[in-house]
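Sequence order for the protein chains is A and B. Mind the numbering: the first sequence is residues 1 to 387 in UniProt numbering, read in order. Mind the numbering: the second sequence is residues 1 to 387 in UniProt numbering, read in order.
What the hints contain is simulated information worked out from the structure, not anything from laboratory work. Since the model is a prediction, treat every value here as computed from it, not as a measurement. Among the hints, erroneous ones may be present.
To be verified - If you want the footprint, here are the derived chain B segments under chain A, 3+ residues with CB under 8 angstroms: (1) 38-51; (2) 208-216; (3) 292-302; (4) 326-334.
Unchecked claim - Under 7 angstroms between C-beta atoms, here's a sample of chain A residues computed to sit facing chain B: (5) 31; (6) 49; (7) 182; (8) 183; (9) 185; (10) 284; (11) 302; (12) 305.
Even for Gly, the Cβ is constructed at its ideal location relative to N, Cα and C.
The chain contents come next:
Protein chains: 2
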Amino acid sequence: MKSKVFPYPVKRIGIIGGGQLGKMTAQAAKQMGFYVTVLDPTPHCPAAHLADAQIVGELYDATTLTALAQVSEVLTYDVEHIDVQTLKKLAQAGHVISPSPELLEIIQDKFLQKQQLRKYGIPVPQFAAFEQVTPEHLAQFGFPVVQKARFGGYDGKGVVVLKNQADLEQILPGPSILEQFIPIEKELAIIIARTATGETACYPIVEMRFDDNANICQAVIAPAPIDNAIAEQARQVALQAIESLQGVGIFGVEMFLTATGQILVNEIAPRPHNSGHYTIEACMTSQFEQLIRVISGLPLGMTTLLRPVVMFNLLGEKGYHGAPIIEGLADALAIPGLSFHFYDKKSTHPLRKMGHITILDDNLDNAMTKLRQAKMVLKIIGAEQDA
Amino acid sequence: MKSKVFPYPVKRIGIIGGGQLGKMTAQAAKQMGFYVTVLDPTPHCPAAHLADAQIVGELYDATTLTALAQVSEVLTYDVEHIDVQTLKKLAQAGHVISPSPELLEIIQDKFLQKQQLRKYGIPVPQFAAFEQVTPEHLAQFGFPVVQKARFGGYDGKGVVVLKNQADLEQILPGPSILEQFIPIEKELAIIIARTATGETACYPIVEMRFDDNANICQAVIAPAPIDNAIAEQARQVALQAIESLQGVGIFGVEMFLTATGQILVNEIAPRPHNSGHYTIEACMTSQFEQLIRVISGLPLGMTTLLRPVVMFNLLGEKGYHGAPIIEGLADALAIPGLSFHFYDKKSTHPLRKMGHITILDDNLDNAMTKLRQAKMVLKIIGAEQDA
């Protein structure tokens, strides 16, 4: 039963984590007249100045999480690494948290996540979990093999590809999964919204392109330049994955398109996702507004793509630290159809996500050409240069 | 000579006035990594929580204007009613203010504004200025005639249409202009950006539809449903008007399309304009981002319309005051392509601009049908009902 009447502010929303995802979520919420509080350990975090208030505190601290819940009607998060046991207690005490702590707990553990997907028949690479990977385990799997820490990885951290015996010294310590190395044609992704009443909205299938050295997503192309049939297959697989989790919120589903034309789910993010930043300029409803709608019990917005688009992450240049400096901004903004986002992070370091650009063009090839131009001129360096 | 390098924050921007225009300007600036301070007499004004800081102070106070200038590299404004003499002194002292105080001074005075336009051959209705309009002056003009206060009007305030001798008691006191009453076919408008180096960017010509009773713009339709030739003529007239003012910034140019097919300039706003709110969702670059680009010396963005669109102002319902209450939000957001903006004003009163909606649709007729649906369900009422 939906309330017909919203006394201002529409809702009081609490966001756990105040990075760039929290910032863009806050921006969407503030546009629509919501009251936003963010919880983040860093004072003046990216989301802080777009929110009404920040609670400065750790995401594994029951006291600060409870404080956020007390000033918010609905809680959501922009990061997975949160004290989920406290969230469960808060949910039991009647606080609304979307996506649910139970879902977050599954997602936080790469093993549980993959197990859940496999249980529901979602295609995933072969995997097995280990308390501590040994050379014998590797021998069982054969090379090459991918090792992923069960907990705490992000942006390529906590993942290694072991090619042969010589790589044994790179084995990650602690609980992890070994995963079949998949020869991939492309990495695909999709943003899916799902409401408490089970309605879903799918954004287009996009292609993610990675930095060769850092295993960090650099570019996102929408729509993915693939056959419609493959896109439809990927959409169905991703949708099944979210349905199987009974997820309520916004989800980024990363997938592999294998060399043999198969779709495998790689990983699910239970929050707005880097592969969906393009939706701000290029879609009828951004992934951030969609999240606000879902967690507030409001109807889903249209996901229509208004123009083909490429998104490119602005990573901190190697060799620099300290206060960020933007090089080539005027030249970049002279490129027709280019939008610039900067995340208000007070310092840069190599490969840190400092901002992104979005380029809309009627023609995706033209957009790619413009992206090559932009990459040549636009750099995020830092006040401190490494020796 | 453009700087190639921007140490973060990109620029420190000061916005004089923190209403909804300041709010949406701050939002665009924060997205791009600018530091924003707003000056507004109302604590927690709409722009306050999207800016980095607010100076609470009057817009006719030299001290507070100077304080804003001191923490900002560039100043702009979201309202015309500012102490322009202080702005002139600040500009002379080297502060960058866009649009210039000299231009603002012309715009503030409806007589000077019209005189300037007429001097440059821009078509305007016939007019004359008076220290105090008398029945004799009206007789000279003949009925009907429009009287406009020279200073301080907005949203239909400071304007009366005098139809005959019986309306004499409605004559506004103080300095005003009398203006020929124009039988109009449509009211048109355009947003134009102009840089310090004279580059310009025009948005589409739109139609403004007015509330019959309140003389306040209610709906904006883009593109205006008029012949291309008329749209082109309107674009040229508006562009000449901005060129004649040598304006640097974002300008809303309101025009009449007369019953005889003539274009006349009605009024110019030296700031983002209500008729350009649709650009947030429907154009490649919003009028607010465009303003930030212009005043920072950055290149202009593309103004391409991505979809036909209607914008509708959410005015405070008659009969209500106090804390705003949004009625029918869920039903409105269920309309495909509808976006909702709420301005964070802490109280409503009849006809106050509380928010707006934007409806994108491939087909303008469909968008208008959806608007009729939205108008039926979505109302901004208040906690206090009039007796």
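Checklist entry - Checking against the hints above, which ones are violated? => result Hint check: 2, 7, 8, 9 and 12 fail, others pass.
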